[in-house]
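Peer 1: Residues per chain are reported as follows:
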Amino acid sequence: MAGNAIGIGNFLRFPGQAAANGGGAFMIPYFIALIFLAIPLMWLEWAQGRYGGVRGHGTTPGMFHLMWRSRFSKYLGVLGLFLPTVILIYYSYLASWTIGYSIYTVFNQLPKVQEAGITKEDLAALARGEIRDKLLEGLPITRADVDAFLTQGVATPPMVEFLKAINLSEEKIAQLTPEERLENLEAAIVKEKIVKPFDNARKAYIGAVTPDGKPVGDIFQVPMFTYLVFLGVFAFSLFVLARGVSGGIEVLAKVGMPLLFVLAIILVIRVFTLGHPISETMGPLNGLAFLWEPQWTIERNGREVFVLLDPQVWLAAAGQIFFSLSLGMGAIQCYASYLREKDDVALTGLSTTSANEFAEVVLGGSVAIPAAATFFGITATQVIASQGTFYLGFASMPPVFEFIPLGQVLGALWFFLLFIAAITSVMALAQPIIAFLEDEFGLPRGRAVAILGALWFPSTHLCIFLNGALDVMDFWAGTFGPPLFALIEIILMMWIFGADRIWAEVLRGAQLRPWRFFYYSAKYIAPLILAFVLGFWVWLNIITPILNGSILQQGVEGQGTGWTVWVTRVFLLALFIGMCVMVRVAFKRRQEEATV
Amino acid sequence: MSASGWVFMVLVWTFVIGLFVYCFYRILFGGSNQLSE
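Read top to bottom, the protein sequences are chains A and B.
All residue numbers for the first sequence refer to numbering that gives the first Met the number 0, where the first residue is 0 and numbers rise by one.
All residue numbers for the second sequence refer to numbering that gives the first Met the number 0, where the first residue is 0 and numbers rise by one.
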């Protein structure tokens, strides 16, 4: 089960989210969400899965119907098929990037900072506040702009434009202290000169830009290598899935998980033996300090806000917990449905959580952020992380590996680690729809996998070729869907099915007795946190863009309103309706069989 | 890193690692009704 929960969320998304949301400020709501929300919800999902499994339903439509005898409940449960299937569609493509990057690293195909003439000494000079001419080459700012900014505090128009790229407003620039001016300028230079070429390489890898860096428009020009790697990952996934849970998925997890932990520990050790290669003030411990110094306030629009009252940090922290633990997706219930009635779901749920958190906060928090902080400093690390989920892992780690001995090997290991994390999650995400076809239609596993493959393969081509499709899918299925489904689950289990009944399910066969505290947390605190997070999310992403009119340009998903976005939305809607019809047919079929 | 940073990190790491070790100890040696994962 740990193979399901441990994914690229631990090693890529967690450090990115933590760094972009203030490091120590992020960790406080993160742990509150873990204790009050994640642990009780994990137990509920395991208990629900086993409850459904022993009664012949391996997926949430049937489980919801068992717990709430309403004609609508099974359609609410469709989300537990829809969300993992959509995530599978784009996540499998992401998994192929990681193995593709591992191969690229082995064969030296990534850009080289040093080929551009930038050395470790240049970075060391930058850390001392000395900005060498070669670091300004090709940038929109000149030496005169730099001098005016650093010595007189005057931000010339080119400097303002340059700093806007790291999300600094003109007002904010005017308020910077001399020290902050230097830090932010250094961060902007690192982003543009060191990290951006690697992000361009990532865009070229997926065909979003031409080899000379020009955007390609709505349809990506996907390189043959990228496509072939995806085909390989897809074929491998189908092969493992067709071998079944015990013959394929468990074997992969039993090999993959220990390997993943070993690789991660090797990388952590390497990062913490880096020393101070650039500056005495920049080392791996500075990265740890950034992550672990508790910050009780966070800056929002020029004001210091108490971190526990800031909805954006809560949103980021709770969203990370959901994504990382695969909560609110229907995947955990599916695995739990294979348990026997007396199997210990309390211990299983807690061990899944603890394995994931070990991989996330101890290992995942000790690679990308400390490595980036060692070479680029904290401010630049924050800037890099705020550029997007994949920036820290795909764009800042390759230049780090370039500057350290055996970097090529370590770089290949880093991306291979991400691949193992991703491929085991792919297996888990595929399981609900396969189980549904097996349970409700009585199909043999091979045919169920073939049907899934026939849906999955063409659907992923939307992500491969259409600009914005992957982000639109991630927005609805990866960000919005899980908290919504979790809220529905909690209301269904704690308030409709009955809190005492579901808690008795959690305790059935459990040698580990969860504290009563978690019962109350599941019943009262978790739905309140979820409603708060979801309400604020809707306000921020849907109502505010409608009110200020930006929805017409940005779209709800922030990907514009072009035809590729609409094609993806129509696809998602059609898939959801198709799954509702499938559930209806399956239930009718069961009813007819029962009456015969 | 300041003392509060060390304390926070050590507490959280102890909690997470402790929970991890405890759970897998119970799974392997605790005679739990838990299927091998």
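Hints may contain errors.
[What the hints assert, rightly or not] Short derived list, chain A residues pointing at chain B, Cβ under 7 Å: (1) Trp291; (2) Pro293; (3) Trp295; (4) Ser350; (5) Ser353; (6) Glu356; (7) Val360; (8) Asp499.
[To be verified] Listed next, the stretches of chain B that the computed footprint assigns to chain A, with coverage defined by at least 3 CB atoms under 8 Å from CB atoms of chain A: (9) 2 to 9; (10) 14 to 21.
[As the list claims (entries may be wrong)] Here are the computed distance ranges between Cβ atoms for each label pair: (11) B:Gly17 - A:Gly534: 17 to 23 Å; (12) B:Trp5 - A:Val584: 56 to 62 Å; (13) A:Glu129 - B:Leu10: 35 to 41 Å.
Keep in mind the hints are simulated off the structure, nothing from the lab.
Since the structure is predicted, the reported quantities are computational estimates derived from the model, not experimental observations.
Every residue gets a Cβ at the ideal spot worked out from N, C-alpha and C, and that includes glycine.
Peer 1: Hint by hint, say whether it matches the structure.
Peer 2: Outcome of the hint check:
Here the hint on Trp291 (chain A) is kept, as its CB sits about 4 Å from the closest CB of chain B, short of 7 Å. Evaluation of the Pro293 (chain A) hint against chain B yields a held restraint, the C-beta minimum of about 5 Å falling below 7 Å. Annotation: interface hint on Trp295 (chain A) violated; nearest CB of chain B at approximately 10 Å, more than 7 Å. At its closest, the beta carbon of Ser350 (chain A) sits 4 Å from a beta carbon of chain B; the interface hint therefore holds under the 7 Å criterion.
Restraint check, Ser353 (chain A) versus chain B: the minimum CB separation of about 4 Å is within 7 Å; hint holds. With its C-beta approaching chain B no nearer than about 5 Å, Glu356 (chain A) sits inside the 7 Å limit, and its interface hint holds. Contact between Val360 (chain A) and chain B, as hinted, is supported at the beta carbon level, the nearest pair being about 6 Å apart and thus within 7 Å. With a least beta-carbon distance of about 21 Å to chain B, the hint placing Asp499 (chain A) at the interface is violated under the 7 Å criterion.
Residues of the segment 2 to 9 of chain B with a Cβ under 8 Å from some Cβ of chain A number 5, which satisfies the need for three, so the listed coverage holds. Counting residues of the segment 14 to 21 of chain B whose C-beta lies closer than 8 Å to any C-beta of chain A gives 5; at least three are required, and the coverage claim holds. A beta carbon spacing of about 35 Å between Gly17 (chain B) and Gly534 (chain A) contradicts the range 17 to 23 Å that was offered as a hint. For Trp5 (chain B) and Val584 (chain A), the Cβ-Cβ distance of about 59 Å falls inside the hinted range of 56 to 62 Å, so the restraint holds.
In this structure the supplied range 35 to 41 Å holds for Glu129 (chain A) paired with Leu10 (chain B), their Cβ-Cβ distance being about 40 Å.
Consistency with the previously given hints fails for numbers 3, 8 and 11, ordered from lowest to highest.
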